[in-house]
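Here is how the chains run, residue by residue.
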Amino acid sequence: MKAHTEYLTFNVPARMDFVNITPQVEAAVRKSGVQDGLCLVNAMHISASVFINDDEPGLHQDYKKWLEDLAPFDPSPQRYAHNRTGEDNADAHLKRQVMGREVVVAVTRGKLDFGPWEQIFYGEFDGNRAKRVLVKVIGE
Amino acid sequence: MKAHTEYLTFNVPARMDFVNITPQVEAAVRKSGVQDGLCLVNAMHISASVFINDDEPGLHQDYKKWLEDLAPFDPSPQRYAHNRTGEDNADAHLKRQVMGREVVVAVTRGKLDFGPWEQIFYGEFDGNRAKRVLVKVIGE
Amino acid sequence: MKAHTEYLTFNVPARMDFVNITPQVEAAVRKSGVQDGLCLVNAMHISASVFINDDEPGLHQDYKKWLEDLAPFDPSPQRYAHNRTGEDNADAHLKRQVMGREVVVAVTRGKLDFGPWEQIFYGEFDGNRAKRVLVKVIGE
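Taken in order, these protein sequences are the chains called P, U and C.
Quick note on this note's numbering: the first sequence kicks off at 12 and runs consecutively.
Quick note on this note's numbering: the second sequence kicks off at 12 and runs consecutively.
Quick note on this note's numbering: the third sequence kicks off at 12 and runs consecutively.
Take these hints with a grain of salt, some might be off.
The list cannot tell twin chains apart, which means a pair is met if one copy fits it or any two copies do.
[As the list claims (entries may be wrong)] Calculated pairs, SDA-like style, for lysine to any residue (alpha carbon to alpha carbon, straight line, at most 20 Å):
{"no.": "1", "residue 1": "K42", "residue 2": "L123"}
{"no.": "2", "residue 1": "K42", "residue 2": "I32"}
{"no.": "3", "residue 1": "K75", "residue 2": "P88"}
{"no.": "4", "residue 1": "K76", "residue 2": "E98"}
{"no.": "5", "residue 1": "K122", "residue 2": "E17"}
{"no.": "6", "residue 1": "K75", "residue 2": "Q89"}
{"no.": "7", "residue 1": "K13", "residue 2": "L123"}
In short, the hints are calculated from the structure, not lab data.
Chain P with its partners taken away, still in its complex shape (with noise of 0.2 Å):
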């Protein structure tokens, strides 16, 4: 079996937004050799997400407006209990489970398997700072 594991880094100059992180996962999956696997990406911080679906910045505009709806922001220690701890970021931790922490995706015949429009996302919800996303392949 072989393994490949990489850290990914992004600093997102905005409190949310989505950056296409395909091509860099693509990389990794080629430096790992392996034909035939998986390829785990996850946020490895917990107000973010890792995420497949359309790059379409209309639809990444309706994800901030639904998200922001379900889960708005709110600095104040009103609505949210983890505000009250000197942190102001609960709602990126609400946001991030609706959209998700890590996507696992098939590798076969040394590609990612995937389907017609399928791209993956690093999705911010507390940003303007350095985070790290991770990529692990196994397989042979």
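On the provided structure of chain P, position chains U and C as indicated by the hints.
The following block gives chains U and C in isolation, referenced to the frame of chain P:
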């Protein structure tokens, strides 16, 4: 290490519906010959889900109503920016994030290592066309 | 390839609560002897979750309030079709979809390859009875 890959195709005759695909996944695990390992099952389309829950029609009705409340179908250009691009399925991309893209199931003694009520479903949110699900089994 | 499987049992004395199960998962990884691989942790019951987030009581309070807003407990037959079948836990099946069934964590140099604040939680949404969590470690 053994690896086995299958692609299942579903054409759901409704905009939103859930299909129990456990028998097809069990068949893929048998074909793989894997006794101990992991089985990934994921939607290859970004307006569909694969998830694990109960095969109970009332619950499925509840999921549909709840998801429609959280992310209503609205083909007009007013509500969703994605639907200003010629698409009408922004709601499906949102619903799929709540229900998830994939499941990873343990394979133990040659079988899906399930709790008492676990069943695997394909969740369709923009149906009436053929879409694919990937099953990948790795292990020994 | 090595594989190790464990079943953990939890009996949470509340309808909804979160239990930090990181120590038990770390012990399973040690027992597996895997240095480089993947660790799957999933709820075996469909009204429970396994998820990764922060071990901060205020945040857990926020999760409970937020999930109760998104999918209120209501044993009456009016709100949920599932609760016309003799069940009262339709809300638990909805809450579990938001928080997720499973996590997959990389194992690197024999340890869970975690970011600074990542902790694994069992999320109970229909408690007061024994339920199981599966841990499967594969790798070399």
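These are the hints, each one checked on the structure:
1. K42 x L123: within (13 Å within a copy, 22 Å between copies)
2. K42 x I32: within (16 Å within a copy, 34 Å between copies)
3. K75 x P88: between (23 Å within a copy, 17 Å between copies)
4. K76 x E98: between (22 Å within a copy, 18 Å between copies)
5. K122 x E17: both (16 Å within a copy, 15 Å between copies)
6. K75 x Q89: between (23 Å within a copy, 16 Å between copies)
7. K13 x L123: Close inside one copy (16 Å) and across copies (18 Å); limit 20 Å.
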